[in-house]
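Engineer: Please build the complete structure, drawing on both the sequences and the hints.
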Amino acid sequence: MKTNPRALIKSVLLNLLVVLLVIYIAGPFLWIISASFQGENELLKKPPSIIPKNPTTDNYRYVFTGRVPTSYEVTGQLRSRISQEARLIAPALKNSFIIAFSVLSINLLFATPAAYAFARLRWRFRAGVYNFILGSRLMPAMAVAIPYYVIIQSLKLMNTHLSLILVHSALTIPFSIWFLTLYITNIPREMEEAGLVDGCNYFQVLQKIVVPMILPGLVAASAFAFMTSYNEFLFARFLTTSIASQTGPVIISSISGNPDVSYTLISVCLTLAMIPPIILAITMRKWLTEGLSSTITYR
Amino acid sequence: MAVTLTQKETPPQKPRRSMGGFYPYGSVLPALLVIVLFTIYPVFYAVRISFYRYLLTKPNSHPFIGLKNFEDVITSYYFKNSLINTGIYTIASVTGVILFGLVVAMLLNTKMRSVGALKIIILLPWAIPAVVAGLMWKWILNSDFGILNGILYSLGAIKSYIPFLADPTLAKLSLILAHIWKEGPLAAIFFLAGLQLIPNEFYEAAKIDGGGGLTVFRHITLPLLRPILLVVLVYETMTAILTFDIVYVLTGGGPADSTSLISWFAYAEIYKSLNLGTGIALSIVIALITLVLIILYMRALGTEDTIS
Numbered sequence: 001m002k003t004n005p006r007a008l009i010k011s012v013l014l015n016l017l018v019v020l021l022v023i024y025i026a027g028p029f030l031w032i033i034s035a036s037f038q039g040e041n042e043l044l045k046k047p048p049s050i051i052p053k054n055p056t057t058d059n060y061r062y063v064f065t066g067r068v069p070t071s072y073e074v075t076g077q078l079r080s081r082i083s084q085e086a087r088l089i090a091p092a093l094k095n096s097f098i099i100a101f102s103v104l105s106i107n108l109l110f111a112t113p114a115a116y117a118f119a120r121l122r123w124r125f126r127a128g129v130y131n132f133i134l135g136s137r138l139m140p141a142m143a144v145a146i147p148y149y150v151i152i153q154s155l156k157l158m159n160t161h162l163s164l165i166l167v168h169s170a171l172t173i174p175f176s177i178w179f180l181t182l183y184i185t186n187i188p189r190e191m192e193e194a195g196l197v198d199g200c201n202y203f204q205v206l207q208k209i210v211v212p213m214i215l216p217g218l219v220a221a222s223a224f225a226f227m228t229s230y231n232e233f234l235f236a237r238f239l240t241t242s243i244a245s246q247t248g249p250v251i252i253s254s255i256s257g258n259p260d261v262s263y264t265l266i267s268v269c270l271t272l273a274m275i276p277p278i279i280l281a282i283t284m285r286k287w288l289t290e291g292l293s294s295t296i297t298y299r
Numbered sequence: 001m002a003v004t005l006t007q008k009e010t011p012p013q014k015p016r017r018s019m020g021g022f023y024p025y026g027s028v029l030p031a032l033l034v035i036v037l038f039t040i041y042p043v044f045y046a047v048r049i050s051f052y053r054y055l056l057t058k059p060n061s062h063p064f065i066g067l068k069n070f071e072d073v074i075t076s077y078y079f080k081n082s083l084i085n086t087g088i089y090t091i092a093s094v095t096g097v098i099l100f101g102l103v104v105a106m107l108l109n110t111k112m113r114s115v116g117a118l119k120i121i122i123l124l125p126w127a128i129p130a131v132v133a134g135l136m137w138k139w140i141l142n143s144d145f146g147i148l149n150g151i152l153y154s155l156g157a158i159k160s161y162i163p164f165l166a167d168p169t170l171a172k173l174s175l176i177l178a179h180i181w182k183e184g185p186l187a188a189i190f191f192l193a194g195l196q197l198i199p200n201e202f203y204e205a206a207k208i209d210g211g212g213g214l215t216v217f218r219h220i221t222l223p224l225l226r227p228i229l230l231v232v233l234v235y236e237t238m239t240a241i242l243t244f245d246i247v248y249v250l251t252g253g254g255p256a257d258s259t260s261l262i263s264w265f266a267y268a269e270i271y272k273s274l275n276l277g278t279g280i281a282l283s284i285v286i287a288l289i290t291l292v293l294i295i296l297y298m299r300a301l302g303t304e305d306t307i308s
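Chains as they are written, first to last, in this note's numbering: chain P, 1 to 299; chain W, 1 to 308.
Derived by calculation from the structure, the hints in this document are not laboratory data.
Using N, Cα and C, we set each Cβ at its ideal position, and we do this for glycine too.
Do not take every clue at face value.
Unchecked claim - Derived DEER-like restraints, expressed as beta-carbon distance ranges:
| id | chain 1 | residue 1 | chain 2 | residue 2 | range |
| --- | --- | --- | --- | --- | --- |
| 1 | P | Thr65 | W | Ser76 | 44 to 52 Å |
| 2 | P | Ile51 | W | Pro163 | 34 to 42 Å |
| 3 | W | Asn109 | P | Thr283 | 18 to 26 Å |
| 4 | P | Asn54 | W | Val36 | 53 to 61 Å |
| 5 | P | Ile282 | W | Ile84 | 34 to 42 Å |
| 6 | W | Val47 | P | Leu14 | 52 to 60 Å |
| 7 | P | Leu155 | W | Gly254 | 34 to 42 Å |
| 8 | P | Phe101 | W | Leu33 | 29 to 37 Å |
| 9 | W | Val47 | P | Leu155 | 17 to 25 Å |
| 10 | W | Ile65 | P | Asn131 | 31 to 39 Å |
Structural biologist: This is the structure:
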């Protein structure tokens, strides 16, 4: 095969474009991770080194144990700063985790039977209720943030995990129902018919026949619910005022609001906060992609 | 999530005489209760508060003032400013997200070996919290120690560090850059799903007819991608108009209100001016604007459906 010079140029340009895109997408992650392993004095050089020259895990050790990194003991014209608030990140991420996991469980428990009823059963108000549930997500978050605050306060749930579990469930269940309804509508129904003929009731059909068939859909729906809750910021900001109850995004935003914050420690916080979603996004890439694709191509 | 209503639900193929009695109602009830609690009451409450003067600095006096809150909001300079900012931001970032999504999707749809890496990392920006994404960019763009300044400086592209987030125009651009980074991947996944639905024969036929890359894109890819393009357009427009998290951490509406988008302005009314009445009136205006846009888009989608 002779190489066509035009095709060669085209291939080189396309590959260059891919490289640029990879740098744009992955660069920020790599930089923050690299920064989290640098000493403050190294990071504040002009220009900073992209790859740490003296990589150190001191910053991580400080966040988890409180032992002050050695780079902060160096005195010179660079001021050393230490942000004690950075140590709040571990408990905050634990809060995020508990809340997101509870939201995931509630989504599976509530949305699966509802989706089955929407996809397979015929009942009065079905279309109306379905449209109401989906339409509820069209409310801009900012418009209801204050009312949510009032509801949570009158339920005496301020600064509790339960408040965010409730709000995030209301936020994620409509998507889960929609997603699972599409999923169930698109699987063959012969098995269910056979189950019903054999005398199973609807609940048994759902439990023994439908759930095993829609497992990939349930996994994707769980991941979406988990991520939405884990990443949510506005309501968490409004509904938690005590440091002990605040979630990862809220704590990180308030740490970084301090103009004297330590850049290395904030990099540690950012790195720690993005580990769970990154693990999810990489390990479940196929299911997430298929799930997202199905929402736009299924009819 | 705005795309939801445009989906047609398929009715069950066989009408069922026995409907399981109360079973369907029981299955929907728990989910419905949670959603009703956080939908119906908040909306009524918000509408009610918007007709009262509700200053957190005066906790004991809430006189009824009719539409005064709406009047105050709509006539204020800051509202006009944030509306213009939101308009510019939305047009620029939606265009950016769609171009990014199309380019990435078309690359992912080729058999090039280098796209393997792109495939693995494409979901990452979408997966992380917007607050984290905003802060990553904030440190990258930092005017004293930022890596972007460092790289440009080392390459000799700039003589001194640029204060990206302190200049009104550059701050807007930075916000858009971070937004495209965060939102583009989802658009790419959606477009890729659309591209994979286009049968290969179409491209082969075009090749036989001697169509070049651009012709094929204009006459085959784009028309067939149109329904998905519209859904992505609706979704991304809503996302851009309601952008809040990234503004909160990246620019805080500044400098000089140049990145004060409408959601940020509502937040500032509530938190900084401690004026619930105007804050909520503003939120209702936002809700109405988005509602009008959704209806317009759904009209467009509706006609699209009848054509195809």
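Engineer: All the hints need checking, so say for each whether the structure fits it.
Structural biologist: Structure-based check of all given hints:
Judged by the Cβ atoms, the range 44 to 52 Å given for Thr65 (chain P) and Ser76 (chain W) holds: they are separated by roughly 50 Å. Checking the proposed 34 to 42 Å range against Ile51 (chain P) and Pro163 (chain W) shows it is violated: the Cβ atoms sit about 26 Å from each other. A hinted range of 18 to 26 Å for the beta carbons of Asn109 (chain W) and Thr283 (chain P) is consistent with their spacing of about 24 Å. In this structure the hint that Asn54 (chain P) and Val36 (chain W) lie 53 to 61 Å apart at CB holds, the actual value being about 58 Å.
A hinted range of 34 to 42 Å holds for the C-beta pair Ile282 (chain P) and Ile84 (chain W), which are about 40 Å apart. Judged by the Cβ atoms, the range 52 to 60 Å given for Val47 (chain W) and Leu14 (chain P) holds: they are separated by roughly 54 Å. As the Cβ distance of Leu155 (chain P) to Gly254 (chain W) is approximately 36 Å, the hint placing it in 34 to 42 Å holds. At roughly 21 Å, the beta carbons of Phe101 (chain P) and Leu33 (chain W) sit outside the given window of 29 to 37 Å.
Between Val47 (chain W) and Leu155 (chain P) the CB atoms are about 21 Å apart, so this pair conforms to the stated range of 17 to 25 Å. Range check, Ile65 (chain W) to Asn131 (chain P): about 35 Å between beta-carbon atoms, so the 31 to 39 Å window is met.
The structure is inconsistent with the numbered hints 2 and 8, although it conforms to all the rest.
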